[in-house]
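Residue numbers (the numbering used here), protein chains in the order written: chain A, 1 to 179; chain B, 180 to 281.
Possibly wrong hints are sitting among the right ones.
Unchecked claim - Computed from the model, here is a short list of chain B residues facing chain A with C-beta under 10 Å:
#1 211
#2 249
#3 276
#4 279
As the list claims (entries may be wrong) - Short, incomplete list of chain B residues facing chain A, as computed with Cβ under 10 Å:
#5 181
#6 193
#7 201
#8 208
#9 209
#10 213
#11 219
#12 220
#13 226
#14 234
#15 241
#16 248
#17 263
#18 266
#19 271
#20 278
What the hints contain is simulated information worked out from the structure, not anything from laboratory work. These figures come from a predicted structure and were not determined experimentally. Glycine included, C-beta positions come from ideal geometry on N, C-alpha and C.
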Amino acid sequence: MNTLQSLVHPHLIAQIGFAFVVTLSFAGALIAVLPRNILHNVLGLILCLTGVAGLFLYLGSPFIALMELLIYVGAICISMVFAIMLSRPLHLSLPARRPRKVVLALAVGAGVFIMLNALVFRTGWHPAATRGADWSIAGLGGYLLTRYELVFEVISLLLLVSILGAIIITGHIGRRPNE
Amino acid sequence: MNSLYTYLFIAILLFTLGIVAVFLRRSLIGMLIGIELMLNAANINFMAFNRYLAPDPLIGQIYTVFIMGIAAAEAAIALSIIIAVFHKFHSIDVEQARELRG
């Protein structure tokens, strides 16, 4: 780290990249929350998740960054776009936002923000005494197949069950009124 | 940029935006987007603690992968429910969906 900091340029580039990634995720999150057009919200969510993937790169894990892009952007956001396409909420008229609800939502958000900030900045975080240096993907796969294998299998089962459940829930749509 | 608090603050901001989305929006997809933002804040927290504090830097990554899998399952179920609700009530506004069994 000292050699990196003695040279100005790589450090500066890293800082600019970090600022870019943080700006991307916040702009994306704001676009995901505030506009009323729901397709814009999904596009904002895609921007935000791309920024978060960049943050994971800065936290030292390219594997998790790629998984974030693959699972969130590639699967979840695209299936949201499909849900919008299948349910077509874009043609419906939007009722106006009630000011009371906006004020209440912002108040709850501000309360949570202050509470979490107090929690995080008043806690003294101490690193563990001995810290491993193994960041390899091979080690990750080793853990997934040995120590965390049960959790891994249970999550695969959960995904299977949720996909079957999704098929059953949407498959009964046409039949309900004729019962 | 290279400190634990920076990442925790980013995660707090994302979590707050997610909470605001869940309380503010009336469309179900908007609320789902808020939930995804909150799960991402949790992921950033896991990765930051993993990077700066944890004894073994692989375990936080494994938990992040688990959270992503659960988020995918949750999104699949939620989107199918949204499609079913739309076909029943012709709206994805939560305030229109008032009946349990019509």
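Going down the list of hints, with the structure as the test:
Checking residue 211(B) against chain A by beta carbon gives a least distance of about 7 Å; that is within 10 Å, so the hint holds. The restraint placing residue 249(B) at the interface with chain A holds, with a minimum CB-CB distance near 7 Å, inside the 10 Å limit. Violation of the interface hint for residue 276(B) is found here, the shortest Cβ-Cβ separation to chain A being roughly 13 Å, above the 10 Å cut-off. Given the 10 Å rule on beta carbons, the hint for residue 279(B) is violated: about 13 Å separates it from the nearest Cβ of chain A.
The criterion of a C-beta within 10 Å of any C-beta in chain A is met by residue 181(B), whose closest approach is roughly 8 Å, and the hint holds. Residue-level restraint check for residue 193(B) holds (minimum Cβ-Cβ distance to chain A is 6 Å; threshold 10 Å). The beta carbon of residue 201(B) comes within 8 Å of a beta carbon in chain A, closer than 10 Å, and the hint placing it at the interface holds. Evaluation of the residue 208(B) hint against chain A yields a held restraint, the C-beta minimum of about 5 Å falling below 10 Å.
For residue 209(B), the interface hint holds, the least distance from its beta-carbon to any beta-carbon of chain A being 6 Å, beneath 10 Å. The beta carbon of residue 213(B) comes within 7 Å of a beta carbon in chain A, closer than 10 Å, and the hint placing it at the interface holds. For residue 219(B), the interface hint holds, the least distance from its beta-carbon to any beta-carbon of chain A being 5 Å, beneath 10 Å. A hinted interface residue such as residue 220(B) counts as satisfied when its beta carbon comes closer than 10 Å to some beta carbon of chain A; here the least separation is about 9 Å, so the hint holds.
Because the closest C-beta pair between residue 226(B) and chain A is about 5 Å apart, less than 10 Å, the hint holds. Annotation: interface hint on residue 234(B) holds; nearest CB of chain A at approximately 4 Å, less than 10 Å. Annotation: interface hint on residue 241(B) holds; nearest CB of chain A at approximately 6 Å, less than 10 Å. Of the supplied interface hints, the one on residue 248(B) holds, with its beta-carbon coming within about 5 Å of a beta-carbon of chain A, less than 10 Å.
With 10 Å as the threshold, the beta carbon of residue 263(B) comes within range of chain A, its nearest partner Cβ sitting at about 5 Å, so the hint holds. Of the supplied interface hints, the one on residue 266(B) holds, with its beta-carbon coming within about 5 Å of a beta-carbon of chain A, less than 10 Å. Hint on residue 271(B) holds. Least Cβ distance to chain A is approximately 5 Å, under the 10 Å limit. The interface hint given for residue 278(B) is violated, since its Cβ lies 12 Å from the closest Cβ of chain A, which is over the 10 Å cut-off.
Violated hints, in rising order: 3, 4 and 20; the structure is consistent with all others.
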